[in-house]
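Visitor: Chains as they are written, first to last, in this note's numbering: chain W, 1 to 201; chain S, 1 to 103.
Hints are computed from structural coordinates only; laboratory data are not their basis. Note that the structure is predicted; figures quoted are calculated from it, not measured. Some clues are possibly wrong.
[Stated by the list, open to error] Below, computed lysine-lysine pairings styled on DSSO-like, alpha-carbon distance capped at 27 Å:
| # | chain 1 | residue 1 | chain 2 | residue 2 |
| --- | --- | --- | --- | --- |
| 1 | W | Lys13 | W | Lys170 |
| 2 | W | Lys89 | S | Lys65 |
| 3 | W | Lys170 | S | Lys65 |
[Unchecked claim] Pair ranges (Cβ atoms, derived):
| # | chain 1 | residue 1 | chain 2 | residue 2 | range |
| --- | --- | --- | --- | --- | --- |
| 4 | S | Leu70 | W | Asp60 | 40 to 50 Å |
| 5 | W | Phe53 | S | Ile44 | 30 to 40 Å |
| 6 | S | Leu82 | W | Leu29 | 13 to 23 Å |
| 7 | W | His125 | S | Asp8 | 34 to 44 Å |
| 8 | W | Met36 | S | Ile44 | 15 to 25 Å |
| 9 | S | Thr63 | W | Leu37 | 18 to 28 Å |
| 10 | S | Arg66 | W | Thr54 | 28 to 38 Å |
| 11 | S | Thr63 | W | Tyr119 | 38 to 48 Å |
| 12 | S | Ile44 | W | Leu37 | 14 to 24 Å |
[Stated by the list, open to error] Partial chain S-side listing against chain W, Cβ under 10 Å, derived:
| # | residue |
| --- | --- |
| 13 | Leu23 |
| 14 | Ile30 |
| 15 | Gln34 |
| 16 | Ile44 |
| 17 | Ala47 |
| 18 | Cys48 |
| 19 | Thr67 |
| 20 | Thr75 |
| 21 | Leu83 |
| 22 | Phe84 |
| 23 | Pro86 |
Backbone N, C-alpha and C define an ideal beta-carbon position, used for all residues, glycine too.
Each chain, written out:
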Amino acid sequence: MSQETEFIPYIVKPREDTGLYNAKFGIWLFLASEVMLFGSLFSAYILLRVGSFTWPVQSDIQNVPIGAINSVVLLSSSIFFIRAWVALKADDIAKYKKFMYLVILFAFIFLSLKGVEYYQHFSHHEYPKTSVFLAIYFLMTGLHALHIIGGILVNSYYVGPGLYLRDQNKQWFINRVEVAGLYWHFVDLVWIFLFSTLYLL
Amino acid sequence: MEEHSQQDDFKRDLLIYFSIIALVGLIIFISHLQLKTLGIFLIIPIACTEAGILGFYFMHLMTKKRTVHLLLLLTVIVFITLLFWPAWDVAYSPRTPSEFTVY
Chain W
1 MSQETEFIPY IVKPREDTGL YNAKFGIWLF LASEVMLFGS LFSAYILLRV GSFTWPVQSD
61 IQNVPIGAIN SVVLLSSSIF FIRAWVALKA DDIAKYKKFM YLVILFAFIF LSLKGVEYYQ
121 HFSHHEYPKT SVFLAIYFLM TGLHALHIIG GILVNSYYVG PGLYLRDQNK QWFINRVEVA
181 GLYWHFVDLV WIFLFSTLYL L
Chain S
1 MEEHSQQDDF KRDLLIYFSI IALVGLIIFI SHLQLKTLGI FLIIPIACTE AGILGFYFMH
61 LMTKKRTVHL LLLLTVIVFI TLLFWPAWDV AYSPRTPSEF TVY
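Can you make the complete structure from the sequences, with help from the hints?
Guide: Dropping the structure here:
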């Protein structure tokens with residue numbers, strides 16, 4: 001056991017009162033704040049849409065096939081993350097790395113497809129200033145893309161330079177990866193709502 | 001024993017994965033039907049179901065401690081309150097509808 005674990009309580013074992021270890025409690029608090037952040041934007045979207053006389057037929061403006069493919073891509077990355085975590089728990093580092101690289105690859109595929117969509121919008125002279133719908137579309141999907149980039153950075157760290165942390169304390173490292181996974185699933189969950197509301201309604 | 005359990009978990013995860021993809025396909029199909037308001041009332045609950053399945057199984061909400069459930073419940077209550085607060089204002093505002101025209 002490392003020196004740090006002796007001084008910081010509940011980084012591996014859960015607290016008796018909450019039943020959660022520190023990082024898991026922290027990530028759930030963070031995710032709650034994220035729900036509020038995206039929730040406020042969804043509220044803005046609903047109010048703008050309900051309050052306007054006309055609203056574009058979103059599926060005519062949007063590239064629905066790319067959005068659908070992106071949904072499958074993110075869902076696939078989520079399931080790869082679960083496999084990576086299971087492999088890590090089983091001490092199978094080669095498999096853990098393989099699945100984590102797949103998670104990162106799929107995240108890049110998602111961003112690339114998003115880039116293609118943005119390019120199509122810009123080539124049709126559709127910018128955030130063009131309409132309220134496009135303004136909120138670029139804002140919400142852009143914020144979501146930033147979350148994906150954040151996830152890529154964290155996941156890359158845990159499969160690359162941060163892997164040494166496993167040698168210090170295995171269970172602590174497993175917990176860290178689990179927490180990163182919760183974040184990644186949340187990003188996937190937000191996309192489900194983004195795709196439904198900004199592409200299909 | 002544990003390996004067997006992990007295989008069961010993997011099968012369950014795959015089942016959930018394909019279920020969510022099927023639901024994505026379903027909402028795309030519904031949107032193509034151009035049902036307008038009815039479409040909204042169909043697509044939103046299906047999207048919530050997808051998110052719920054993902055949360056319950058992939059994020060293990062079904063086995064989470066009460067602390068997490070209470071935290072999320074509090075978040076949802078605050079979120080819904082804040083969502084409907086301005087909606088109330090918009091619905092009962094004396095302003096003319098033209099002020100809301102945005103497109």
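Visitor: Take the shortest C-beta to C-beta distance between Ile44 (chain S) and chain W; is it under 10 Å?
Guide: holds (7 Å)
Visitor: Does Lys170 (chain W) sit within 27 Å of Lys13 (chain W), going by the straight-line distance between their CA atoms?
Guide: holds (13 Å)
Visitor: For the pair Ile44 (chain S) and Leu37 (chain W), does the Cβ-Cβ distance stay inside 14 to 24 Å?
Guide: About 20 Å separates the Cβ atoms of Ile44 (chain S) and Leu37 (chain W), which means 14 to 24 Å holds.
Visitor: Holds or violated: Gln34 (chain S) as interface residue toward chain W, Cβ cutoff 10 Å?
Guide: holds (8 Å)
Visitor: Falls inside 38 to 48 Å, the C-beta gap from Thr63 (chain S) to Tyr119 (chain W)?
Guide: 43 Å Cβ-Cβ, so the 38 to 48 Å window holds.
Visitor: Between the beta carbons of Met36 (chain W) and Ile44 (chain S), is the distance compatible with 15 to 25 Å?
Guide: holds (19 Å)
Visitor: Compare the distance between the alpha carbons of Lys89 (chain W) and Lys65 (chain S) with 27 Å, and conclude whether the hinted pair is satisfied.
Guide: holds (21 Å)
Visitor: Look at the Cβ atoms of Thr63 (chain S) and Leu37 (chain W) and judge whether their distance stays inside 18 to 28 Å.
Guide: holds (26 Å)
Visitor: Kindly confirm whether 34 to 44 Å is satisfied by the beta carbon distance between His125 (chain W) and Asp8 (chain S).
Guide: violated (53 Å)
Visitor: Does Thr67 (chain S) hold up as a contact with chain W if the rule is Cβ-Cβ below 10 Å?
Guide: holds (4 Å)
Visitor: Holds or violated: is the Cβ of Ala47 (chain S) closer than 10 Å to a Cβ in chain W?
Guide: holds (4 Å)
Visitor: Taken at face value, is the distance from the CA of Lys65 (chain S) to the CA of Lys170 (chain W) at most 27 Å?
Guide: Judged against 27 Å, a Cα distance of about 23 Å means the pair holds.
Violation of the numbered hints given earlier is confined to hints 5, 7, 10; the remaining hints are satisfied by the structure.
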